[in-house]
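Work out the full structure: start from the sequences and follow the hints.
If you read the protein sequences in the order shown, they are chains U and D.
Following our numbering, the numbering of the first sequence begins with 1 at its first residue and continues without gaps.
Following our numbering, the numbering of the second sequence begins with 164 at its first residue and continues without gaps.
Please keep in mind that the hints were generated in silico from the structure rather than gathered at the bench.
Be aware that one or more of the hints could be misleading.
What the hints assert, rightly or not - Cβ-to-Cβ under 7 Å is the rule here; a few derived chain D residues that face chain U:
id	residue
1	175
2	185
3	187
4	192
5	204
6	209
7	222
8	228
9	230
10	232
11	250
12	283
13	300
14	307
15	310
What the hints assert, rightly or not - Calculated from the model, a selection of chain U residues having no Cβ within reach of chain D, i.e. all distances over 12 Å:
id	residue
16	3
17	5
18	8
19	9
For glycine and all other residues, C-beta sits at the position ideal for the given N, C-alpha and C.
One letter stands for each residue in the lines below.
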Amino acid sequence: MVTDPVPLQVAAELFPNGISRYAVGGLLVGLGAAVIYVGTGISAGASTFLESTLSYVSGQSRFQQYVASRDWRVVFTLGIVLGAAVYAVVYQGGAWTTDVAWWRLLVGGVFVGIGTRVGKGCTSGHGVCGVGSASKTSILGVVAFLVTAIVTAQIVAALGVTP
Amino acid sequence: MASATDRHPLFMPLVLLGGLIFGFGLAYSHMARPEVVLNFLQFEDFGLLFVMFGGAAVTGVVFFVMPRVLDRAPLTGDRFERRLKSFDRNVLIGGGIFGVGWGLSGICPGAAYASLGIGNVAILWALGGMFLGAYLQGWWRSQTSSADAAPAGAD
Numbered sequence: 001m002v003t004d005p006v007p008l009q010v011a012a013e014l015f016p017n018g019i020s021r022y023a024v025g026g027l028l029v030g031l032g033a034a035v036i037y038v039g040t041g042i043s044a045g046a047s048t049f050l051e052s053t054l055s056y057v058s059g060q061s062r063f064q065q066y067v068a069s070r071d072w073r074v075v076f077t078l079g080i081v082l083g084a085a086v087y088a089v090v091y092q093g094g095a096w097t098t099d100v101a102w103w104r105l106l107v108g109g110v111f112v113g114i115g116t117r118v119g120k121g122c123t124s125g126h127g128v129c130g131v132g133s134a135s136k137t138s139i140l141g142v143v144a145f146l147v148t149a150i151v152t153a154q155i156v157a158a159l160g161v162t163p
Numbered sequence: 164m165a166s167a168t169d170r171h172p173l174f175m176p177l178v179l180l181g182g183l184i185f186g187f188g189l190a191y192s193h194m195a196r197p198e199v200v201l202n203f204l205q206f207e208d209f210g211l212l213f214v215m216f217g218g219a220a221v222t223g224v225v226f227f228v229m230p231r232v233l234d235r236a237p238l239t240g241d242r243f244e245r246r247l248k249s250f251d252r253n254v255l256i257g258g259g260i261f262g263v264g265w266g267l268s269g270i271c272p273g274a275a276y277a278s279l280g281i282g283n284v285a286i287l288w289a290l291g292g293m294f295l296g297a298y299l300q301g302w303w304r305s306q307t308s309s310a311d312a313a314p315a316g317a318d
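This is the structure in structure tokens:
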């Protein structure tokens, strides 16, 4: 058997599922944000939807700043759900369900809800739009959440929780 | 920003279109699957880097080009600006808290909406948690800002 050249072996180890699904998907994520930006000048993030939607049901003063944008943020989120549903129908051939434990999703979700809103952005706001803006704030935000996410996931895995 | 009544008729359709592409991309890249994100964080598959920086490359080009081509966005009349937020310690504290949640669950907000779209009903646990977390910080910050009484900035 002919051995692959070393760079190919390394690539296969780092990217066991190849890179095309990630690169194409990432370009589409950027394109979706770009379409909205070109028409409206808005750099959309996903986590603001959490607070803007809470303004429909809560009178807390913190949420009132999002009243003006809450309707289009609902439409943006509906678009995300529908776009993913199109993928599921066309490529996935039906529903897909995670095996990650419910308590990890719930407790993790609470931390995500607090952290993204206190930290002024998430993986789309800081990660895609902020890094695309070469914003120092966003780059530092990305470093902060990448570091703690890696440490957390490694600790949880080391404790034998799978998945 | 234009109020709901005098928005351009194409505003909402464009936001929907952008969301559709965005969500399709998240599903296509498998970011809507928490296992794939956890594999990245455990150094088993580095593909996620291509998603985040691939997306940032596209927005980077568009954020650079648009202000040089057009004065104002056609549907809102707003100026084209980059996404620049002020830095303070909240960026690091919040980012650190977000990372703990991301590392525990393998899901972030946009990917969670997309995860619902691919039929992953269990992600409702995460979405419920995100709303709860967003509410808790909003409630707490509303208390502290009204206790200060001083005219604090809008964010």
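Hint check results:
no.	hint	verdict
1	175	holds, 5 Å
2	185	holds, 3 Å
3	187	holds, 4 Å
4	192	holds, 2 Å
5	204	holds, 4 Å
6	209	holds, 5 Å
7	222	holds, 3 Å
8	228	violated, 9 Å
9	230	violated, 9 Å
10	232	violated, 9 Å
11	250	holds, 4 Å
12	283	holds, 5 Å
13	300	holds, 5 Å
14	307	violated, 10 Å
15	310	violated, 11 Å
16	3	holds, 22 Å
17	5	holds, 19 Å
18	8	holds, 15 Å
19	9	holds, 15 Å
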